[in-house]
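**Student:** Sequence:
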Amino acid sequence: MTLRLVERLNAVRHQYFVGRESECQLFRDAIASPILPFSVLYLSGMGGIGKTMLIRQFAQICRSLNISTTYLDGRNFESSPQTFLNAVGGIGSARHVLFIDSYERLTSLETWLREEFLSQLPDQTLIVLASRTAPSSAWRTDPGWNALFYAIALQHLSPEDRQLYLKKRSIPPLPEIVNFTQGHPLALSLTADLYIQDEGLVSDASFSVTQILLETFLEEVPSSAHRLALGACAIANSTTETLLSELLQQSDVHELFEWLRGLSFIQSERFGLVLDSVAREAIISDLRWRSYDVWNRFHQRVQTYCTVSEPSFTLNQSEFNQAVWDAFRHFVRPDVLHHNPLLRSRLVIEKSTPDTRIEVLRSRLKEAAELLQMSPRDEKLYRTLHRTYLNPAPTQEQAAECLDLPFSTYRRYLKAGISRVAEILWQRERLAS
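Residues in the sequence shown are numbered from 0 upward in steps of one, following numbering that gives the first Met the number 0.
It is possible that some hints are incorrect.
[To be verified] Distance ranges between label pairs, derived from CB positions:
no.	residue 1	residue 2	range
1	L430	P33	29 to 39 Å
2	P393	S92	56 to 66 Å
3	C401	A152	44 to 54 Å
4	E396	E358	56 to 66 Å
5	N145	P333	18 to 28 Å
6	L430	P375	25 to 35 Å
7	T110	L389	47 to 57 Å
8	L213	Q321	18 to 28 Å
9	A10	S135	32 to 42 Å
10	E400	D122	46 to 56 Å
These are calculated hints, taken from the structure and not from any lab test. C-beta: ideal position from N, C-alpha, C; glycine also.
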């Protein structure tokens, strides 16, 4: 029997699909339920995070259950009610799933969609919206829709899912692949493709991957002024409106700041706007290649601003612990450590100059880890940290093998070791305040 091309494509996509188990189970349970638990499932996430691939996996689940589907892509038609209705066609009363991808392109239709079109659909219809932007507040403030609305913000793939994907592609879990892609699905897929095409040249391939990722991220950038603001935001660890004004040397940057705030790969955190790690590295790499002078000028202005205007700031304990974890993960990557918030902690800033902060941070981490050797109970935690981060094996599996530990035990020791170091450093940070 001859397969159609679309069937072969779907088979290959399904073969290499990894992760998203909880999302798939949620969807499967919903469409198998006699009464839908929600009518709208909203998937959000930055470009390349895997929204379209997840929709395709949802469609595969529908096919296995003989549930009909309709797929629309917001990029493929004009944003008008009539054009939208023509694209949808008819939807019957039986169980049906309407997928709308690139929903961010249809924001001008959202009120009409929510108040007129969607509300008139049969109650056996599940609508799945996939967007780069988070859902608007209108979905939550309307009591009716709030009860029938479910939102999922897609995150990067876990370390286990990254390794499973590479295994499916018959690629070893090389640190340069795992570290460079950080679990971003598109980055992982592109790097795997380039590795297969020219095995062993992962570092050389990173520039090509960065360019493709930039095309994805920069779809949301309307002008050169906005692109410059994005570069400034990438250089800073966290960007406030005041800092953005200083970096761009402009008195009024409110419009640019609000635009940055709305980007799919930027989060509004306690201390300002923070870029996704993969997007940050791609944007910084491009800025450094495109205009080294601008890149260097932004760095100098960030250092001056942090030294003069904000000598230190306070992290809560949860944020501090996460920063310690991130610092260990990037212990051998000064270019990434440059963005770690611990560089502005009292623990580091009181013993360093702007030029020596990364080395001081690394010393603080190493000193705290070495204290674990003094306790018979914690000595095994130090050896695990040492073989993973301070003097790392090529992969975590190899680190576990060197330590003669089952992988599950190794992961437990690693987590406990980082927690102990974070406790030690947290106490020192509090004493310094």
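**Student:** Starting from the hint 25 to 35 Å, judge whether the C-beta atoms of L430 and P375 obey it.
**Tutor:** holds, 26 Å
**Student:** Just tell me: holds or violated, for the beta carbon distance of P393 and S92 against 56 to 66 Å?
**Tutor:** For S92 against P393, whose Cβ atoms are near 57 Å apart, the range 56 to 66 Å holds.
**Student:** Between L430 and P33, does the beta-carbon spacing fit 29 to 39 Å?
**Tutor:** With a Cβ separation near 60 Å, L430 and P33 fall outside 29 to 39 Å, so the hint is violated.
**Student:** Starting from the hint 46 to 56 Å, judge whether the C-beta atoms of E400 and D122 obey it.
**Tutor:** holds, 55 Å
**Student:** Given the hint of 56 to 66 Å, is the C-beta distance from E396 to E358 inside that range or not?
**Tutor:** violated, 30 Å
**Student:** Given the hint of 44 to 54 Å, is the C-beta distance from C401 to A152 inside that range or not?
**Tutor:** This hint is violated: roughly 37 Å between Cβ atoms.
**Student:** Verify the CB-CB distance for N145 and P333 against the hinted window 18 to 28 Å.
**Tutor:** violated, 46 Å
**Student:** Between A10 and S135, does the beta-carbon spacing fit 32 to 42 Å?
**Tutor:** This hint holds: roughly 37 Å between Cβ atoms.
**Student:** Within 18 to 28 Å: is that where the Cβ-Cβ distance between L213 and Q321 falls?
**Tutor:** holds, 27 Å
**Student:** Return holds or violated for the Cβ distance of T110 and L389 against the range 47 to 57 Å.
**Tutor:** Between T110 and L389, where Cβ atoms are some 55 Å apart, the hint holds.
Consistency with the previously given hints fails for numbers 1, 3, 4, 5, ordered from lowest to highest.
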